[in-house]
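Q: Same order as they appear, the protein sequences are chains A and B.
First residue of the first sequence: 1, per full-length UniProt numbering; consecutive thereafter.
First residue of the second sequence: 1, per full-length UniProt numbering; consecutive thereafter.
There's no promise every hint is true.
What the hints assert, rightly or not - Calculated Cβ distances over 10 Å to all of chain A for the following chain B residues:
hint, residue
1, Val-151
2, Pro-176
3, Glu-188
4, Lys-257
5, Gln-268
6, Ile-275
7, Pro-288
8, Asp-290
9, Arg-294
10, Lys-299
11, Gly-394
12, Gly-419
13, Ser-421
14, Glu-425
15, Pro-512
16, Gly-520
Said to hold, decoys possible - With a straight-line cut-off of 27 Å between C-alpha atoms, the simulated DSS-like cross-links for lysine-lysine are:
hint, chain 1, residue 1, chain 2, residue 2
17, B, Lys-366, B, Lys-388
18, B, Lys-366, B, Lys-521
19, B, Lys-118, B, Lys-86
20, A, Lys-60, B, Lys-408
21, B, Lys-85, B, Lys-253
22, B, Lys-233, B, Lys-253
23, B, Lys-299, B, Lys-354
24, A, Lys-60, B, Lys-546
25, B, Lys-343, A, Lys-60
26, A, Lys-60, B, Lys-374
27, B, Lys-139, B, Lys-233
28, B, Lys-388, B, Lys-521
29, A, Lys-60, B, Lys-401
30, B, Lys-408, B, Lys-397
31, B, Lys-374, B, Lys-396
32, A, Lys-60, B, Lys-396
33, B, Lys-503, B, Lys-521
34, B, Lys-244, B, Lys-214
Said to hold, decoys possible - Among chain B residues calculated to face chain A with C-beta under 8 Å, some are:
hint, residue
35, Leu-241
36, Val-243
37, Gly-266
38, Lys-343
39, Met-404
In short, the hints are calculated from the structure, not lab data.
Glycine included, C-beta positions come from ideal geometry on N, C-alpha and C.
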Amino acid sequence: MSLAVSTSSSSRPSNGPSGHPSFLKNAWRIIVKKPGRLIGLGIIVLFALMAIFGPYLYPKQLPINPNAIYAPISWRYPLGTDFEGTSNLALIITGARYVLFAAAMAAVFTVVFGTALGLISGYYLGWTDSVIMRITDFILTIPGFPLLVVLSTVWNFGQPVAMGFVLGITGWGGLARAVRSQTLSLRERGFIEAARTLGLSPFHILFREILPNVGSYIAMNLLLAVTGSIYAEVGLFFLGVVPFQVNNWGVMLNLAVFSAGAMSSAQALPYLLSPLLALLILTLGVVLFLDAVDEIFNPRLKEA
Amino acid sequence: MKKVLPLALIASLGVLAAGCGASPTHSAAAQTFTTIDEAHGITDGAPMNPFNTNGNSFMSFDVMQLGWFTNSATNPNDFYPGLAKKWQISDGGRTVTVWLQPNAKWSNGQPVTAQDVKASMAAGFTQGNSQAFYLGSVKVISPTEVQFTQVPGQNYNLFFNSLMQQPIIPAFEYDPIMGKNIWTIIDESMYTGSNPTLKALATKAQTELTNIGKSVVDYAPKTDISAGPFLIKNLNPGEALLVKNPDFYAANKIHIKQVVFRNYTGNQQIWNYLIAGQLDMAPFTAMPTDILHRILQVKGNQEVVSPSYVGAALAFNQGIYPYGMPAVRHALAHVINRDVVQKVAEPVVGTVSKYSDGMVDQATEKWLTPAQIKELNPYSYNLSEATKELEKAGFKKVNGKWMMPNGKPWTATIYTVNGFSDWIEAAKVISTEMTQFGIPTSPDIVSSYSEYLKDIALDKYALAFWINALGPEAYPTFQRIYGPNDGYNVVGGQLVYYPYSNKTEGNWVDSPQEIPLPNGKMVNPGQLTYDLNSLTAAQQRPIVQKLALATNESLPMITLWNYINVQFINTTRFTDFPVHNNGMLDNPPGVWIMSGYVQPK
């Protein structure tokens, strides 16, 4: 019995009043271990800063210049200009907020829905499991992107929270199934048995005993969900089915291809490549940082 | 020897076969005219039916009209012969007699007869097309002679013009779909009197016509039946191949063996075809300047420009506050820099509109005297003039933002349609200009044009883009403003006005029924526009002048740019394009080909 309890506590990341400083310190130690992880973190921080402070760096209405339509890359326009002579760099920086906020919201919704339903389903089994899994199967069988296209014609995605919510509710199925599988395995382990015998509440068992053990997987999913959501969101904007904002990266791609002829004209290439570059760098940052996340949240790797 | 002979025979046959095979393929390839259909791409599986909006039928190639317009700004009855060899207009334009080409045949060898023309007009009734030009009756006089008359009491001056441009379909294919009593239903549906029994019968007949119309649209002939110079040989999602129709009445004028229509889903694909030098002809396509330069660098590609009588405008819904105030519309016309808008949105196929008077500039210069043109307010870009207008109307600027006379901040949304890249870009530029002036404005895109038309009629948009000045004739030009969109409908041959408060009849412009001329005299634009439909060009002139001056003063919409009909031809494979014949050039290329133009090199 005492062995089971101690297994449980050792499986959890340390927390409590003194837990946070040591967690952050430990996380930093893990991140600086490899330069790639540091670069990844740097990129993520850079984009987060762009999203938070970017819009304050420029006037609310970005200036247009009809004499510099699709201007080439220069000191004045480091990434060239768009169809009305607005700096592509300014568009990327000011557009980061909507794109990243919506993606973060989508990731949070995905993780919250997926984790909660996966834990409950895997722990309680019986009809709860059946009902949740059938709903999950239903969500998994719906082709997500076409559904989003249809939804976007009837729903206004002017607010990033709405966009994030819709991306989240269509994307939690896979995570819920994976968390359920892990929960099914963990619920048979000794420390859970011990916790049940001690009479701890199901809430405690689910969220204090089992959750930390799947934390690594969830954290990685959170970051992957961010990039997945960015792709889905940019994809929707690229198709031109959601509100029109010139500084949205997807809208930039759409206009570059369908209005500016970037696939046929070198002149409009900077307009096409600017949002692509932003997406590439952001994805690179997330992928590089995932390595660190795995080690931070995976107790086994941490102990090693 | 015995073995050699068969071998030699086989070898010689092989050479012969190779020769036969290679020669026609080569010459066919050389005589393959490649283009795109300006209305739509290729929809695999769609019926070969001109009434189906996605149908695989190609006007002037495998679908014929009685005649082909010359786009004349002065004579709407000027036509090139089509299936009609000659015609006679009598009774002041109310009766038209047409004589068909005596040798006209369908591609199955059957002759094109007056019955086919009558069936085509019946099919037009099922689509609402024949009613639109007040067709009253169709009388078959002989197998090659047909007489058309207008609805009694009507005097529509574009009767002949519209009649000549209806697609002609084979009666033996479509009559079974429409039923034997189609003309009884049509006659019943046209009753406009007050007898309640006949009125009820008319309503029933109209519903029947609508239902028959759906069957007509969905009808899919098994093979292409063409009375035109070509007929469809095969079709796949990438392209449609049409071959010369040997039964065409003027087959001796056709110098091309086959035509390929390429599929496309957007302008970008058309640009790529042009840059690759693959299209022998491409109709009007919006494009950025750099793409134009790239297209013109390709060997053989040439730009052909002809007049176009279409404008793009920013329209106001005057029923939505504050756009019912003339000062607001005038001020916004001064805020919008049309030079910048055109340069960004329509640099290649547009010119800046000089006069916001409901017509394209070319038409204005034709209809108005120089003195009248001087009277038109050019609404040049002038922010201080805009400020003056707004302040005079009770608007106030607080912290750089305009407050409306009702004390509320003034914000705006400009609506456009997904895929209409020129409108979208223009909406963005105008939004920037209005925001910088102190009216926070954003563009918004509606997912489809059909939804856009539905919502604009339901008064959902205060500011929206609109095609105006749909000429060259004066009546359709002004009807784009003071027609059904402004509550003026023609019902049973009478002008009926539906006010803005009637939410089912689509009055979204909501111009006052009386608008001022520059001299202060009031005119009724709906009545004046309606009057245009029954007058000669000379009689129309004073009315057009009044409408232009009043429209410029009232400004229900700001014309931003006039479109230019820029087409492309490639002279590498073909020569003798009708580049100096504007009337011919405005028709689809099948008309050029059937008129003897376009020869392989």
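Q: Does the claim that Gly-419 of chain B lies outside the interface with chain A hold up, using a Cβ gap greater than 10 Å?
A: violated, 7 Å
Q: When you check the alpha-carbon spacing of Lys-408 of chain B and Lys-397 of chain B, does it fall within 27 Å?
A: With Cα atoms ~11 Å apart, Lys-408 of chain B and Lys-397 of chain B stay inside 27 Å; holds.
Q: Does Lys-546 of chain B sit within 27 Å of Lys-60 of chain A, going by the straight-line distance between their CA atoms?
A: Violated. Lys-60 of chain A to Lys-546 of chain B sits at ~44 Å, over the 27 Å cutoff.
Q: Quick one: work out the minimum CB distance from Gly-394 of chain B to chain A and report holds if it exceeds 10 Å, violated otherwise.
A: Correct as stated: the minimum Cβ-Cβ distance to chain A is 26 Å, above 10 Å.
Q: When you look at the beta carbon of Ile-275 of chain B, is every beta carbon of chain A farther off than 10 Å?
A: violated, 5 Å
Q: Let's test the interface hint: is any C-beta of chain A closer than 8 Å to that of Lys-343 of chain B?
A: Lys-343 of chain B check passes; min Cβ-Cβ to chain A is 5 Å, inside 8 Å.
Q: Would you check the hint for Lys-374 of chain B and Lys-396 of chain B, treating anything up to 27 Å between C-alpha atoms as holding?
A: violated, 32 Å
Q: Does the claim that Lys-257 of chain B lies outside the interface with chain A hold up, using a Cβ gap greater than 10 Å?
A: Answer for Lys-257 of chain B: holds, closest chain A Cβ roughly 30 Å.
Q: Is the interface hint satisfied for Met-404 of chain B? The criterion is a beta-carbon contact with chain A at less than 8 Å.
A: violated, 20 Å
Q: Run the distance test for Lys-343 of chain B versus Lys-60 of chain A: straight-line Cα separation, threshold 27 Å.
A: holds, 23 Å
Q: So if I understand the rule, the pair passes when the alpha-carbon distance is 27 Å or less; does Lys-388 of chain B with Lys-521 of chain B pass?
A: The given pair, whose Cα atoms are some 24 Å apart, holds under the 27 Å limit.
Q: Can you confirm whether the C-alpha distance between Lys-60 of chain A and Lys-374 of chain B stays at or below 27 Å?
A: Distance of about 40 Å is beyond 27 Å: violated.
Hint violations for this structure: numbers 5, 6, 7, 8, 9, 12, 13, 14, 17, 23, 24, 26, 27, 31, 33, 34, 35, 36, 39, all remaining hints satisfied.
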